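Take these sequences, add in the hints, and give me the full structure.
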Amino acid sequence: MAAAAAAAAAAAAAAAAEVGKRVLDTGWLAARSTEVALTGEQLTTTDPPPADPEPTAPWMHAAVPGTVLGTLLKNKLIPDPFYGLNNESIIDIAKSGRGHYTFWFFTTFQCAPAGHQHVSLNFRGINYSAEVYLNGHKEVLPKGMFRRHTLDITDVLRPDGKNLLAVLVHPPDHPGAIPPQGGQGGDHEIGKDVATQYVEGWDWMCPIRDRNTGIWDEVSISVTGPVRIMDPHLVSTFYDDFKRSYLHCTLQLENRSSWLSDCKLKIQVSTELEGNICLVEHLQSYEISVPPNSVLEYTIPPLFFYKPNLWWPNGMGKQSLYNVEIGVDANGFGESDSSNHHFGFRKIESTIDGSTGGRIFKVNGEPVFIRGGNWILSDGLLRLTRKRYMTDIKFHADMNFNMLRCWGGGLAERPDFYHFCDIYGLMVWQEFWITGDVDGRGIPISNPNGPLDHDLFLLCARDTVKLLRNHASLALWVGGNEQVPPVDINKALKNDLKLHPMFVSNHTTKSPGKDISEDPTDPSKYLDGTRVYIQGSMWDGFANGKGDFTDGPYEIQYPESFFKDSFYKYGFNPEVGSVGVPVAATIRATMPSEGWSIPIFKKRIDGYINEVPNPIWDYHKYIPYSKPGKVHDQIELYGHPSDLDDFCEKAQLVNYVQYRALLEGWTSFMWTKFTGVLIWKTQNPWTGLRGQFYDHLLDQTAGFYGCRCAAEPIHVQLNLDSYFIEVVNTTADELRDVAVEISAWDLDGASPYYRVTEKIAVPPKKVQQVTEMSYPKTKNPKPVYFLLLKLFKLSDNQVLSRNFYWLHLPGKDYKLLEQYRQKQIPLKINSKISISGSGYKVRMSIENRSKKPENANVSTMNLADANGSDRTGEEAIQDGHSSGLWGKIRRGLSITRSDDNVRTVEVKGADSGVSFFLHFSVHTSEPSSSQDVDKDTRILPVHYSDNYFSLVPGEKMAIDISFEAPQGSTPRVILKGWNYHLDHAVTL
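The sequence shown finishes on residue 988 if you use full-length UniProt numbering, and the numbering steps up by one all the way, no holes.
FYI, nobody ran anything at the bench for these hints, they're computed from the structure. Watch out, some of these pointers could steer you wrong.
As the list claims (entries may be wrong) - Straight-line alpha carbon distances no greater than 30 Å define the calculated DSSO-like cross-link-like pairs of lysine-lysine that follow: (1) K976 / K908; (2) K546 / K569; (3) K307 / K525; (4) K498 / K243.
Since this is a predicted model, take the numbers as computed values, not measurements.
Listed below in C-alpha cells is the structure:
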C-alpha cells in the first residue's frame with residue numbers, strides 16, 4: 001500500500017512538472033491570524049493544518065480567489081452581508097482593528113521540477129500585502145492591490161513533490177472608518193492606499209467590513225524551461241484603408257539559468273472558420289540567444305495580413321478574434337514556455353469633436369455613437385467567477401450597449417472581464433484608482449495629493465497596462481473619476497501612455513505609399529501607445545471638458561425631458577442615472593418580511609409626493625420615483641400601489657419608460673449635439689435599490705429591455721417632446737426603401753389612428769425626422785392609448801425595428817390602466833425546446849388571439865418575421881469566431897436533444913385589446929406548500945431575446961430564452977402580464 005501511495009505521488013509530481021500553468025483554486029484553508037499560534041515556517045514544515053478541519057478549529061475551508069468576508073460567509077460564520085440589515089451586525093475593521101481581518105491562507109500542491117525546469121508561484125492580486133511561506137522559506141510580498149507577484153520557487157520545492165504553502169494576508173494600511181452619516185468613501189482614509197475605494201461605502205453601496213482583504217485574484221504555478229516569456233505586447237497597424245495590416249509583437253525573454261540559452265522563438269497566428277476548421281495564417285520562427293541570468297527584450301518582425309477579419313464594437317459588425325500562440329524552445333531542453341492570446345485586429349481613435357465639444361471614438365475609421373454604462377464591479381465580496389463575468393457582459397451586449405466605463409473607485413478589471421468584452425464587443429474605458437470624493441474634492445476634503453506612495457501607484461498602473469493591453473475591447477485609459485491624479489502621477493501617466501505616431505488621430509491608413517519601416521520605433525515597444533489617456537472623467541471632451549461637476553443628474557425625470565435641448569449642455573455625459581427597483585421576487589429573496597413594506601407616499605402641500613422608504617430600503621440606497629418640486633411621482637401616475645407586487649410591477653413600467661426615453665432622447669441628438677452617454681449605473685455589486693438594469697441575483701428589470709429597444713443600431717422612435725416620429729440609423733450603410741407603420745390603439749381594442757409613411761431613406765449615422773404623430777390632435781383622442789411603430793422594408797415587409805409605447809394626453813395620467821387589468825384577452829403560446837446537458841434553449845411564440853377591429857387596416861407584419869432567427873445567448877457564443885472554442889467544449893460534455901413537439905398553451909378570454917406588458921420568467925417545478933409560498937423558485941440567470949413586451953390584436957412575437965437549469969430540476973416557463981395575473985406555465 002505504501003508503494004502504491006509513493007507511485008501515485010510520483011505520478012502526480014511528474015504530471016505537475018509538465019511545462020505550463022496550473023491554477024491553484026481548490027483545497028485552500030484559512031484562519032484568523034490571532035487564533036493561530038504557529039509560525040509560517042511551522043505551518044509549512046512540521047505542523048500543517050488538517051486537510052478537513054473540525055468546525056471548532058480556527059482553520060476553515062477558504063474561498064480563493066476571494067476575500068476574508070467571502071471565506072467567513074462560505075463557512076456561515078457571518079450572515080450574508082447583502083441580505084436585509086445583516087451588514088450592520090458584522091464588525092467593521094475600524095472597530096475590530098486590522099488584526100481581526102488579517103488571515104492565514106494555506107494549501108498544498110504537487111510539483112517536482114525535473115532537469116533544468118524552473119517553477120514560478122504567481123499571485124495576480126492580493127489585498128493588501130502578504131508574507132508567503134513555502135516549505136519553510138519566507139518571501140514578503142510588497143503592498144498594492146493592483147500588482148502581480150511572481151516568485152521563483154524552484155530551489156525551495158520538496159523532492160517528493162508535496163509542497164506546503166501558507167500566505168499571511170494583511171488588510172489595507174489605511175482602512176478608515178465609516179462616519180455615522182455614511183458618505184462617499186467613508187472618511188476617505190482608504191485613498192491613502194492603492195486599493196479599491198468603494199469599500200468604505202458610497203451613496204449606492206454599503207461598507208465592506210474587511211475592505212476586500214484577501215487573495216482576491218488568481219493564484220497559479222508555472223513550470224518552464226530555462227527561458228520564460230513575459231508580457232508580450234500585440235499591436236496591429238493598418239494601411240490602404242484597412243486592406244493591409246501588420247501584427248507587431250514585443251516581448252521579454254528571461255533566462256533563469258547560469259548559461260547562455262540558444263532558443264527558437266515561434267509565433268503562430270490562426271483563426272477559426274466555420275465548425276472546427278482552423279486556418280493558420282502565420283507560422284514563423286526566429287533564432288535567439290539569451291544571456292544567462294538576464295532579461296532580453298525582443299521584437300518580432302511584423303507579420304503581414306491582407307484584409308484581416310476586423311474586430312468591431314457591438315452593433316457594428318463581428319467581433320473577429322485571432323489566436324496568437326507564442327512559444328520558445330531552448331536548445332538541449334525542448335519546449336521552455338508558451339503564451340496564448342486572443343487578439344482582435346482593430347484601430348481605435350479618439351479626439352474631441354469640433355462641432356459638439358464631445359469626445360468622439362472611431363473604430364476602424366468609423367465613428368461610434370457611444371451608448372453604454374458605468375460599471376463598478378460584479379460583486380462586492382469579489383466572488384469574480386468566469387461564469388458570472390460571462391453573464392454580466394452578455395447582459396450588456398443584449399442591451400445593445402457598446403461601452404462600459406470601469407469607474408475609478410472600483411477595480412482594474414480582470415482578464416476574464418476583458419475576454420468577454422472582446423467576445424461581445426463592449427468597448428472599455430478603464431479608470432485608475434482616483435476619485436474626486438476621496439482624493440481632494442470630497443466633503444471633508446482629504447488626500448489632496450492622492451495616495452501616499454506615488455511610486456506604488458505608478459507601479460500598479462504600469463503593471464495593469466501590461467496585464468490588459470492586448471484586449472481589443474480596451475478603448476482608453478482615464479486618470480480618475482471626477483478628479484485628475486496628482487501632478488507627478490498625471491505627468492508620468494501621460495508620458496507612459498503617449499500615443500505612438502501611427503495612432504495619433506491625424507495619421508491616415510489610406511496612403512498605399514507609406515512603408516512600415518519608415519517609423520523608427522515599432523509600436524509594440526511602447527507600454528501601450530495605441531489608446532488615448534485622458535486625465536479625468538470630466539476633462540477633455542467629457543462633461544464640460546474642464547473638470548467642473550457637470551455630469552449627472554441621478555434621479556427620476558419626466559420622460560420628455562430627455563428630448564429637450566436644455567436637458568444637458570455638453571457633448572458627452574459620462575454619468576447620468578435614475579431609478580432601479582427590481583422585481584418583487586428579488587425584494588423577498590434579499591430582505592426579511594419587514595423589508596417588504598412599500599414606501600409611504602406623503603403628499604405635500606404643493607401636490608408633490610415625498611416617498612418615505614422603510615429602514616431596510618433606505619439602507620439599500622433606494623432612489624424614489626418622485627422628485628418633489630420638480631418631478632411628480634411616476635409610480636403614482638398608474639394609481640396608488642396596493643402592496644409590494646403592485647409597487648414593483650408599476651416600478652417596472654416606469655423603469656422601461658425612463659431608460660428608453662433617456663437613450664432615445666440622447667440618440668435624437670446623435671452627432672448634432674451629443675457624441676455619447678454612459679448611464680450611471682448598469683448594475684450594483686450588492687443588493688442595492690438604485691441605478692441598475694439587473695439585480696445582484698441576475699434578474700433583469702424592465703429598464704433592461706427599455707435600453708435594448710432604444711439602443712438598436714436601426715431604430716424607430718417617438719420624440720416625446722415634439723411628437724415627431726424619428727428613424728435612427730447608427731450604421732455605416734444608407735437605409736433605403738423603408739417606411740414606418742404607425743398605429744394607435746385604445747383600451748377597447750380599437751385602432752382609431754393608422755397610417756403608413758411614404759418611402760424614406762436615411763443616410764448612414766443620421767437621425768431623420770419622418771412625420772408628426774398627430775393622434776393627440778385628432779377629434780376626441782382617448783386620454784390613455786397605445787402606440788405601435790414599425791419600421792419595415794417595402795420590398796418584403798421585413799420589420800427592422802418595432803417600438804411600443806403607452807401614452808396619455810397632456811395633463812392626464814395612466815390610472816385608466818388600473819381597470820384595464822380586468823381585461824381578459826386570449827393568447828396562444830407555442831413552445832419549442834432544445835436541451836444540451838443542463839442548458840436549455842426555448843423559443844416561445846406568443847399570439848394575441850383577440851379580433852382586430854373591423855375598420856382597422858393594420859398590417860399583419862410581425863416581429864417574428866424579422867427576428868425569428870434571433871440568436872439566443874448560447875447560440876451567439878457558438879457562432880463566428882467562438883464556434884470552435886465553445887462548441888468543442890459543449891460537444892465534448894453533452895449531447896444536444898431537441899423536442900420536435902410544439903407545446904401549446906391557450907389563455908382564454910372574451911375581450912379584445914392589447915396584451916399589455918407581458919413578461920416571462922423561468923422557475924423550478926418544486927411543489928409549494930403554504931409554508932414556502934414566498935420561496936424564490938426562479939432559475940437565474942436567464943437570457944431573453946426580449947421581455948416586458950406588448951401585443952396588439954392579431955400580432956405574434958417569438959421570444960428566445962436560454963438558461964442552465966439546476967441539477968435535478970424540471971424547469972417551467974411562466975408568463976405574466978398587466979392583464980394576466982395567473983401563472984400561465986409551460987413545463988419543460
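Evaluated hints:
1. The straight-line distance between the Cα atoms of K976 and K908 is roughly 14 Å, inside the 30 Å bound, and the hint therefore holds.
2. Between K546 and K569 the alpha-carbon distance is near 13 Å, which keeps this suggested pair within the 30 Å criterion.
3. The suggested pairing of K307 with K525 holds, with an alpha-carbon distance near 24 Å, which does not exceed 30 Å.
4. For the suggested pair K498 and K243, the alpha carbons sit about 26 Å apart, so the restraint of at most 30 Å is met.
When the structure is compared with the earlier hints, no violation turns up for any of them.
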